[in-house]
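Since chain A is already given, all that's left is putting chain B on it; use the hints.
Protein sequences appear in the order of chains A and B.
Residues 1 to 260 (our numbering) are what the first sequence spells out, left to right.
Residues 261 to 411 (our numbering) are what the second sequence spells out, left to right.
It is possible that some hints are incorrect.
[To be verified] Straight-line distance between alpha carbons at most 16 Å, and here's what the computed EDC-like set of lysine to aspartate or glutamate pairs gives:
id: 1; chain 1: A; residue 1: Lys120; chain 2: A; residue 2: Asp97
id: 2; chain 1: B; residue 1: Lys353; chain 2: A; residue 2: Asp97
id: 3; chain 1: B; residue 1: Lys307; chain 2: B; residue 2: Asp281
id: 4; chain 1: B; residue 1: Lys272; chain 2: B; residue 2: Asp322
id: 5; chain 1: A; residue 1: Lys120; chain 2: A; residue 2: Glu150
id: 6; chain 1: B; residue 1: Lys354; chain 2: B; residue 2: Glu404
id: 7; chain 1: B; residue 1: Lys347; chain 2: A; residue 2: Asp97
id: 8; chain 1: B; residue 1: Lys347; chain 2: B; residue 2: Asp337
id: 9; chain 1: B; residue 1: Lys354; chain 2: A; residue 2: Asp97
Just so you know, these hints were derived from the structure itself, not from any lab.
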Amino acid sequence: MATATFAYQSHTVCADGLIRSSEQRRPSTIRLHGDGRDRLVDNRHDRGRAGGDGAGSVPAPTARWERDRHQDQAMKLLMTASQIHGLPVVTVRGGEDVAEVRDVIYSPEAGRLVGVTLNKRGFLAGRSREVLPAEAIHAIGQHAVMVLEESSLVARDDAPDEVAHPATERDVLGNDVLTEGGASLGTVSDLVLLVGSSGEVVGYQIDKDGGGQGYIPLPAQLSVSGVALVVPNITEEFVANDLVGLGASVDDFRARLGLK
Amino acid sequence: MSESFRASRGRKVISRANATDLGVVSHLLVDTQRRQVAAVVIGSGKKAQLVDWEGLSGFGPDAVMVADESTLRPPGDDRERAAVDGKLELVGKKALSDQGNELGKIDDATFDADTGALEDLIIGDRRIPAGSLLGCGSYAAVVEERQEGSA
Numbered sequence: 001m002a003t004a005t006f007a008y009q010s011h012t013v014c015a016d017g018l019i020r021s022s023e024q025r026r027p028s029t030i031r032l033h034g035d036g037r038d039r040l041v042d043n044r045h046d047r048g049r050a051g052g053d054g055a056g057s058v059p060a061p062t063a064r065w066e067r068d069r070h071q072d073q074a075m076k077l078l079m080t081a082s083q084i085h086g087l088p089v090v091t092v093r094g095g096e097d098v099a100e101v102r103d104v105i106y107s108p109e110a111g112r113l114v115g116v117t118l119n120k121r122g123f124l125a126g127r128s129r130e131v132l133p134a135e136a137i138h139a140i141g142q143h144a145v146m147v148l149e150e151s152s153l154v155a156r157d158d159a160p161d162e163v164a165h166p167a168t169e170r171d172v173l174g175n176d177v178l179t180e181g182g183a184s185l186g187t188v189s190d191l192v193l194l195v196g197s198s199g200e201v202v203g204y205q206i207d208k209d210g211g212g213q214g215y216i217p218l219p220a221q222l223s224v225s226g227v228a229l230v231v232p233n234i235t236e237e238f239v240a241n242d243l244v245g246l247g248a249s250v251d252d253f254r255a256r257l258g259l260k
Numbered sequence: 261m262s263e264s265f266r267a268s269r270g271r272k273v274i275s276r277a278n279a280t281d282l283g284v285v286s287h288l289l290v291d292t293q294r295r296q297v298a299a300v301v302i303g304s305g306k307k308a309q310l311v312d313w314e315g316l317s318g319f320g321p322d323a324v325m326v327a328d329e330s331t332l333r334p335p336g337d338d339r340e341r342a343a344v345d346g347k348l349e350l351v352g353k354k355a356l357s358d359q360g361n362e363l364g365k366i367d368d369a370t371f372d373a374d375t376g377a378l379e380d381l382i383i384g385d386r387r388i389p390a391g392s393l394l395g396c397g398s399y400a401a402v403v404e405e406r407q408e409g410s411a
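The shape of chain B in the complex, shown without the other chains:
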C-alpha cells in the first residue's frame, strides 16, 4: 500500500509487546542510494529516537508498530542526528536538478508501506519517480534532470 510522508507524520508508534504508546512519527530518514525509507524518527529534540525500517513490525494506516521499546535507539551518526533535527526531511525540501536548476519545493513523497521503497516525489502537480533521486542533504534534494522532462 502506498503511504504518504506528509500523512504519516504524527502517527502513533505503538509497542506490540505491551501496547504502550512510544511517541509519534516526526520524520522519515531516506537512504537515497537504495531509495528506501531507512528509519523512522520518533519524537523530536534531545529525546528523539530512531527505529530502523527492519525493526518495524508494521507501518499501518493508524499506527506504526514496533516489537518493543528496545528497538528504539538514539541517533548513531551525523546523518542520523541531522535527520532527527529534521534537516534531511524530504517534504518541504528544495528540489534541485543535477543540472543546477530548481524544480520547486517537495510537497510530499510516497513510499510502499510494506517494503519502505520510495515511490514518487510530488512537486506541485508533478510526480517525479523516486528512481531519479540522486541525493538529499540539508540544502536540497537532487534529482536527475532527464527524468524530470521539461522544466
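So that you can see chain A by itself, here it is in the shape it has in the complex:
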C-alpha cells in the first residue's frame, strides 16, 4: 500500500539529477484563474473530461486516490485547480458558505498550495477582501473547501505576502513542457493537487502537442521560467490520460527518481 511520504515537497530535482532543497528560496507564487484566459482553461477542461458540464458548473472529479484505509480513512482525491475554482468555502462549525474560491495560488518550488483568494457568495459576488492561507484550510473536497469557522478567513493585509500578493510573472499556464532531452510534451493547461487535508501539487495537466490532454506527475519540474519548464526524460513514460492514471503513476514516478 502506498504510504507516500511526500519527501519531495521541499526539494527540487535539478538538471544534474541531484535533489536540492528549495527551502532557502522564497517560493514564488502562481495565480490560476480569475481572468478571461483562465476561464478558457476551465472550458477546455470541462469539454475534455466531463463532456459538457455546463459552463460555470464545477465538474465532479473522476479520480479518487486512496491510501491505506486502515491508516487513513480520509479519501485521497486528485483535483485540478479548475475544479477547485468556484467551490464554496464552508464553515465546519457553522454550516455556512462564507465565500467561494477565486484563485488557486501555489508555490511551484515547494510543490504546495499556499492558499486561495476569494470571491463573495451570492448576488453581491465580487472580489472578497479576505484570503485563505493554506494553513487555515481544514480540507478541500469534491464539493467544498472547508474551514473551521468564519474567522479562518484572513484579511489580505494580515495574510502572508505570497497569498495576499501572488507573483504573476512566472505563470506556468501555457508554458511548454520540455524534457531534458529536448522533447516537447505539450503545454501546461492546469495544475493537479492532492486534496483532502493536504493541498500538495502532484502534477500538471497538459495539452499534448499531438492533440488531446495528458497528465504529468511532479516532481518533474526543473526550472520555471514563465516560458517553459524542463522535466526529467522519464516523465515521458509517465504521461497519464486521466487523473486516475496520474494517481497511479505518481508513486512509481517518484520511486524511479529515488524520491519515494
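Only chain B this time, still in chain A's reference frame:
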C-alpha cells in the same frame, strides 16, 4: 421513544393549562454542539414562536404539550430567526462531510422524544449517528467524514 423530524412536522401544540390549540410544529431547532433539539418552532412567518425544549411538558405522538401560552416566545437572536424561517431545518438540508464531500440530502432525522437528544441523521438508506454532526447552517449540515465510512 424515538421520534422523527419529518413525522413531527405539523403536530398540534396544546396548552396543558386550558387545552387550547396554540398552533402546529413547523421546525425543530437543533443545538449542534449538544446534539439536542433546543427548541420547537410553532407556526411560520411573522407570527412564528418558539418553545424551548425545557418548556415542553411532553413531546407526544399526537400532540406537543406545553404548560401554557406564556411558554411561547418570539425568536430572540439571529439563529432563532433563521430557524423560524426554516433556514436551519435539518430535513432537506445538504449534508457535507468535514472533508468537503457532499453526502446527499438529509431525508429525516430522529431524536429521543423524552430528552430531545438527537439520534441519527438519515440520508437515503444510510443512518449517520448524530455524534458526527459538527454544525448546521443555512448552506449545509456538516458531519465528520470518518463516522460516515465509505462515500
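- Task: List, from low to high, the hint numbers that the structure doesn't satisfy.
- Result: Checked against the structure, no hint fails, so every one of them is satisfied.
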